[in-house]
Amino acid sequence: MATVIDNDKNTYTGIPTSKMLLWIGIVSIIMAFAGFTSGYIVRKAEGNWVEFNLPRAFTISTIIILMSSFTMQMAYIAVRKNNFKNAKTFAITTLGLGLAFVFSQFYAWNVLVDNGIFFVGNPSGSFLYVLSGLHVLHLVGGIIALIIVSVKTIQEKYNSENSLGIELCATYWHFLDLLWIYLFVFVAYLA
Amino acid sequence: MMWSVFIETGPASGGWTIYPPLSALPQAMPGSGMGMTLWLVSMVLFIVSALLGGINYIATVINLRTKGMSMMRLPLTIWAFLITAILGVLSFPVLFAAALLLVFDRSFGTSFYLSDIFIGGEALHNSGGSPILFQHLFWFLGHPEVYIVLLPALGLASEVIATQSRKPIFGYKAMVVSMLVIAFLSFIVWGHHMFMTGMNPFLGAVFTFTTLLIAIPSAVKVFNYIATLWKANIQLTPAMCFAIGLVSFFISGGLTGIILGDSALDINIHDTYFVVAHFHIVMGASAIFGMFAGVYHWFPRMFGRMMNKTLGYIHFWITVIAVYGVFFPMHFLGLAGVPRRYYSNSAYESFMDMQNINELVTVMSMIGGVAQLIFAFNFFYSMFYGKKSEQNPWGSNTIEWTAPVEHLHGNWPGEIPTVHRWAYDYSKPGAEHDFIPQTTPYSQTKGSNLPGEE
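Keeping their order, the protein sequence lines are chains A and B. Position one of the first sequence corresponds to residue 1 (this note's numbering), numbered consecutively onward. Position one of the second sequence corresponds to residue 1 (this note's numbering), numbered consecutively onward.
FYI, nobody ran anything at the bench for these hints, they're computed from the structure. Treat the hints with care, as some may be off.
Restraint ranges, calculated between C-beta atoms of paired labels, are given here [said to hold, decoys possible]:
hint: 1; chain 1: B; residue 1: GLU8; chain 2: A; residue 2: THR171; range: 44 to 54 Å
hint: 2; chain 1: B; residue 1: ARG166; chain 2: A; residue 2: ILE77; range: 29 to 39 Å
hint: 3; chain 1: B; residue 1: GLN27; chain 2: A; residue 2: ILE154; range: 49 to 59 Å
hint: 4; chain 1: B; residue 1: ALA431; chain 2: A; residue 2: PHE186; range: 56 to 66 Å
These figures come from a predicted structure and were not determined experimentally. Quick reminder that beta carbons are idealized off the backbone N, C-alpha and C, glycines included.
Just chain A, with the same shape it has in the complex (with noise of 0.2 Å):
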């Protein structure tokens, strides 16, 4: 008779298979963003490359996001005290803002366009659309998973003995919160 395997338990390394899918997967996802990004330097070296004010709504979204770091943080510390209300109340918070991000960010979207700085274009409006469009599209990803982490924290199916689904739910957060960061410090500052 074959037994059902757990591939989470008992695995060579000690780490979780899905642990490990995940970190392998932001791992692809970095490469991806690292392809854009050198794109954009490679472009911008190139001359031709409008320049304007990124909207300071950019700057609100960044503020939500580390916010939404930060309480995503706390649920899981709650769930492993196994603390459910708190942890209940911090995964609420997160989702709430991480749709806010996703909201801001297509606010600034909208201030670019008022200001002229359209899709189609001179790339360098063009690259923004595309680096943050694609963040957010990954987001929607982690807003799903939220969203299901959300609903199993409320139903109580987390405690200090199975905490793996929200742990990587907050590994993916904190992950798409550092991508931000570091698009928007790209874009504002480096390049």
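Place chain B on chain A using the hints.
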């Protein structure tokens, strides 16, 4: 991608490198219309599946090994698959970036790759793009990609050569390290595809240096294969023939790589048949021969039956002669300056006397193509009517041969076997048989244990 063959404007026709603006503008040629869109859509699906598959391979090899299977006991095939998957996970996202920007240029009117283009005297609205940017992004994938194609074949050949030589693979650690070095170097050599794009000669020299460095780990692998064959009890099965064929192609194709990797020499033969000959031998034929070796070797494992040996030998000899017959003369076409990707070379007076070489190439390619029908027949016939295989027909050490011939869910009844030694204990002095499977503990082979093996 297959659908695009049936649409009115035909399939994508910008070559596999799909350089913009040729691929970006439907006005450039019919194939850059709907056919190119379908090509890019299938590429996106391909990248997603390659990434998911690669992530799965890495996690499986690192995390889900059986008890006792330390990294240094992995068969080289698995090492090759692991390193290939790592290359894929690191390079495909960059191709994704390149392709996505091309999609935006084509379908949304952005100007990432397009600038100052006039069609019929009319200027297009695109301004500020750079077609060289595409080449950088594309070749950052494109070069690792050739090792994604080749490394699994080298891994399969390592296993076949060791097993059928009845000898431990020569320099196991050197094989692993050289594959890792090849993988690392493959990320810093993409510029050697772009020597002719007006690249700064100093930068060209840097890329020449990194490119020629690849010759070192490649030569390590070749010498290790040859050293494994040296004075071995060679079992010349069809799989072994194909594995040796791979080594032959890897050498003869690799030598021309040294010429092409040099930015000064490359200028003379860039975009000629010399390039076609080089990469078809070193990466095309090598990879295909490695895969043939794999199929002949693991066919009994897959279907519980043996492939016909005689047909295998006929397939091998015709194919190896045909491959050299097709690609060896191409070196001379290339040195004579015949450019690749031309519809008709005979339209040019200077290439008229190359006609007979082209005729030879055509005949050889047809012979080679027909030979593959022998393989196809052998494959499907043996699947149903081949001789029943024993559990371990080649006397192989790796653990897949310890699973019963009948296919079971989970492969093994009960516990997954535990591994006690590396995969290459062939013809060990003092051993009872000329192979000791990885599942045999040292305690059962007291007579053959080396110092330190208890």
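To see whether the hints hold, each was checked on the structure:
no., hint, in the structure
1, GLU8/B - THR171/A: 44 to 54 Å, "49 Å, holds"
2, ARG166/B - ILE77/A: 29 to 39 Å, "59 Å, violated"
3, GLN27/B - ILE154/A: 49 to 59 Å, "56 Å, holds"
4, ALA431/B - PHE186/A: 56 to 66 Å, "60 Å, holds"
Against the hints set out earlier in the document, a violation occurs for number 2 only.
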